[in-house]
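Student: Sequence lines, in order, name chains L and Z.
Mapping of the first sequence onto this note's numbering: residues 3 to 452, in sequence order.
Mapping of the second sequence onto this note's numbering: residues 3 to 174, in sequence order.
Be careful, since some hints might not be right.
[Unchecked claim] For each label pair, taking beta carbons as the anchor points, the in silico distance ranges come out as:
(1) Z/G49 / L/F371: 21 to 27 Å
(2) Z/R54 / L/L238: 38 to 44 Å
(3) L/K291 / Z/D15: 36 to 42 Å
(4) L/A149 / Z/T120: 23 to 29 Å
(5) Z/D160 / L/P442: 42 to 48 Å
(6) L/A330 / Z/D15: 54 to 60 Å
(7) L/K291 / Z/T120: 56 to 62 Å
(8) L/F315 / Z/V71: 19 to 25 Å
(9) L/Q348 / Z/F106: 20 to 26 Å
(10) L/A337 / Z/F94: 47 to 53 Å
(11) L/E37 / Z/F94: 29 to 35 Å
(12) L/Y452 / Z/A174: 40 to 46 Å
(13) Z/R54 / L/A330: 57 to 63 Å
(14) L/S121 / Z/D154: 55 to 61 Å
For the record, the hints were derived by calculation from the structure and aren't laboratory data.
Note that the coordinates shown come from a computational prediction; the quantities given were computed from them, not determined experimentally.
Backbone N, C-alpha and C define an ideal beta-carbon position, used for all residues, glycine too.
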Amino acid sequence: MYSFSKKLKISAIVFMILGALGIAYGFLTIPNSIEEVKQLTEQQNQGHNEANAANVIEQNPNHAVENGKEVSEAAKTEHLTHALHSFQNRPYAAIFIAMFFFFMIALGTLAFYAIQYASQAGWSIVLFRVMEGITAYLLPGSLFILAFLIISVANGHYFYIWMNPEYYNPQSELYDEILVGKSWWLNVPFWMVRTFIFLLGWNIYRYFAVKNSLAQDAGVDLTHYKKNFKASVFFLLFFAVTESMMAWDWIMSLTPHWLSTLFGWYVFSTLFVSSITVIAMVTIYLKSKGFLPQVNNSHFHDLAKFMFGFSIFWTYLWFSQFMLIWYANMPEETAYFTPRLLGPYQLLFMGMLLSNFVFPLLLLMNSDFKRIPWFIISTGIIILLGHYVDIFVMISPATVGNHWQIGIPEISSILFFLGLFIYVVFNALTKSPLNAKGNPFIKESEHFHY
Amino acid sequence: MSNKTLQAIFDDDDVLLSAVKDLRAAEYHIEEIFTPFPVHGLEKAVGLPNTRIAIMAFIYGVIGFSFAVWMMNYMMIADWPQNIGGKPSFSFAENMPAFVPIMFELTVFFAAHLMVITFYMRSKLWPFKKAENPDPRTTDDHFMIEIAVADDVNALEDLLKKAGAKEIKIKA
Chain L
3 MYSFSKKLKI SAIVFMILGA LGIAYGFLTI PNSIEEVKQL TEQQNQGHNE
53 ANAANVIEQN PNHAVENGKE VSEAAKTEHL THALHSFQNR PYAAIFIAMF
103 FFFMIALGTL AFYAIQYASQ AGWSIVLFRV MEGITAYLLP GSLFILAFLI
153 ISVANGHYFY IWMNPEYYNP QSELYDEILV GKSWWLNVPF WMVRTFIFLL
203 GWNIYRYFAV KNSLAQDAGV DLTHYKKNFK ASVFFLLFFA VTESMMAWDW
253 IMSLTPHWLS TLFGWYVFST LFVSSITVIA MVTIYLKSKG FLPQVNNSHF
303 HDLAKFMFGF SIFWTYLWFS QFMLIWYANM PEETAYFTPR LLGPYQLLFM
353 GMLLSNFVFP LLLLMNSDFK RIPWFIISTG IIILLGHYVD IFVMISPATV
403 GNHWQIGIPE ISSILFFLGL FIYVVFNALT KSPLNAKGNP FIKESEHFHY
Chain Z
3 MSNKTLQAIF DDDDVLLSAV KDLRAAEYHI EEIFTPFPVH GLEKAVGLPN
53 TRIAIMAFIY GVIGFSFAVW MMNYMMIADW PQNIGGKPSF SFAENMPAFV
103 PIMFELTVFF AAHLMVITFY MRSKLWPFKK AENPDPRTTD DHFMIEIAVA
153 DDVNALEDLL KKAGAKEIKI KA
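Based on the provided sequences and hints, a complete structural model is requested.
Tutor: Structure representation (structure tokens):
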């Protein structure tokens with residue numbers, strides 16, 4: 003049995019408190035009026051005038067004329083209103099990014115776990131309890147997501163702009179035929195129902211899979227194992243469909259004019275590689291504390307191979323999405339990449355390639371390196387940071403636009419959800435023995451050797 | 003020391019492995035082992051050093067990558083930078099995404115093919131090479147250990163018999 007170390011528990015709680023304070027600070031410092039935004043933008047412009055070049059590429063054509071030329075008062079106000087909404091979105095975006103990041107780790111771990119069951123893998127059984135512990139975050143994570151989405155609906159249409167009823171009103175100046183065409187899918191009731199079904203389905207599988215897995219420990223026959231095998235197969239079918247739709251609904255709909263057919267798989271690759279990394283890191287931590295005597299460095303080697311392989315898979319999807327749009331250069335598609343490739347997100351957009359592709363590629367290529375715990379941990383930290391930035395670059399351009407920063411709201415949100423994640427996961431690990439001894443493949447897994 | 007070779011034939015890979023361990027413990031020098039299929043752990047039991055072919059493959063990959071970058075920079079940017087469908091041919095970086103598929107394929111091409119050729123050269127394999135198996139059965143279902151021996155072979159023969167050898171021949 004694992005016992006939650008005092009030090010870790012206290013640091014998790016401290017993270018949560020610090021994070022909550024920082025999040026509150028983020029909400030309290032939102033500018034409330036156009037006047038405040040004026041001051042804020044002037045301060046920013048003094049700091050970096052060279053960034054003005056990037057400002058030209060803002061999506062709204064009204065912004066483009068701003069530099070040097072005379073601009074009408076109406077356009078100026080419109081610009082400032084737009085900026086005000088961006089500033090107001092910032093603490094929401096910071097929470098959403100961190101919240102989704104930790105939620106997707108739990109969800110990806112669940113998918114990895116189901117794959118191990120459905121493929122009858124022989125090596126990973128000794129890691130099952132670790133994975134079950136990590137997926138314990140799924141339920142609190144889901145509740146946070148659900149609460150956030152309900153608040154974003156109740157709070158008006160600044161976060162998900164397609165919720166603005168003006169777009170669907172033929173009398174309005176904002177009337178948007180493209181959004182009207184999509185409204186059979188993108189409407190609030192259907193959207194909420196879908197979200198609810200996704201979260202419910204994933205949590206039901208997690209509940210029964212863990213229950214059966216624990217029951218199998220005491221079992222004399224393989225009833226529970228077989229139940230889990232079937233459940234995993236059907237969960238994977240369900241997951242493959244719902245994960246894609248989740249990516250459209252929660253992330254792609256932030257830019258409702260833009261679409262990409264492989265976006266769902268792209269989000270999946272981010273989610274999957276991050277969760278394998280977290281499985282490896284938690285396993286190495288528990289092993290170093292002496293709680294997993296049955297895990298050997300061949301298990302680390304396999305996990306590191308998955309980290310390596312899926313980092314490359316992520317790059318493949320990232321590049322496939324980017325290159326097809328860059329190559330054809332169709333205006334309605336490139337609008338998505340303009341702020342990311344040429345605009346204010348360039349550094350993050352190119353930087354994450356370094357940490358999500360180049361580092362894992364070079365650091366984890368060598369077979370010997372994949373067995374060294376500190377090597378896996380340090381590569382893992384680079385990969386996780388990179389995938390946080392990946393989510394950041396997916397969400398921020400559509401919500402906070404040019405006014406992005408990594409400041410107190412962002413770091414506090416990470417701290418809060420990191421603390422919650424650590425607390426929930428390691429608390430769940432204390433609940434059951436760390437060896438799934440009833441599993442038919444456990445002997446093979448204990449003797450696994452590569 | 004005369005140039006005699008002892009050939010011991012086995013019909014089971016587990017017996018072969020334990021015989022190899024016995025021979026190593028008794029400090030006999032194993033010349034060669036012939037098997038019809040890869041026996042897991044044999045190279046460790048014999049004490050062969052690790053292969054370096056993966057390192058060579060990495061180096062070949064780097065060469066292929068560099069070749070692709072040089073080739074496309076020369077052809078598309080330096081030599082004749084045409085405007086082809088509005089693609090920015092001003093610098094390599096600006097047009098890089100269009101080159102990535104070729105860079106990737108040439109990296110894989112160089113790494114794979116040069117590694118295979120290296121393997122052929124290092125293991126001396128080519129189309130008209132004379133086959134070297136001392137006993138045709140070793141390609142089907144028998145295993146053979148070749149040991150260089152001095153004049154006194156009795157002790158070695160005893161050891162091999164005890165280890166489970168089916169047949170022992172001595173070739174001058």
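Student: Indicate, hint by hint, whether the structure satisfies it.
Tutor: Hint-by-hint comparison with the structure:
no.	hint	in the structure
1	Z/G49 / L/F371: 21 to 27 Å	holds (24 Å)
2	Z/R54 / L/L238: 38 to 44 Å	holds (40 Å)
3	L/K291 / Z/D15: 36 to 42 Å	holds (40 Å)
4	L/A149 / Z/T120: 23 to 29 Å	violated (59 Å)
5	Z/D160 / L/P442: 42 to 48 Å	holds (45 Å)
6	L/A330 / Z/D15: 54 to 60 Å	holds (57 Å)
7	L/K291 / Z/T120: 56 to 62 Å	violated (45 Å)
8	L/F315 / Z/V71: 19 to 25 Å	holds (24 Å)
9	L/Q348 / Z/F106: 20 to 26 Å	holds (23 Å)
10	L/A337 / Z/F94: 47 to 53 Å	violated (26 Å)
11	L/E37 / Z/F94: 29 to 35 Å	violated (48 Å)
12	L/Y452 / Z/A174: 40 to 46 Å	holds (44 Å)
13	Z/R54 / L/A330: 57 to 63 Å	violated (44 Å)
14	L/S121 / Z/D154: 55 to 61 Å	holds (56 Å)
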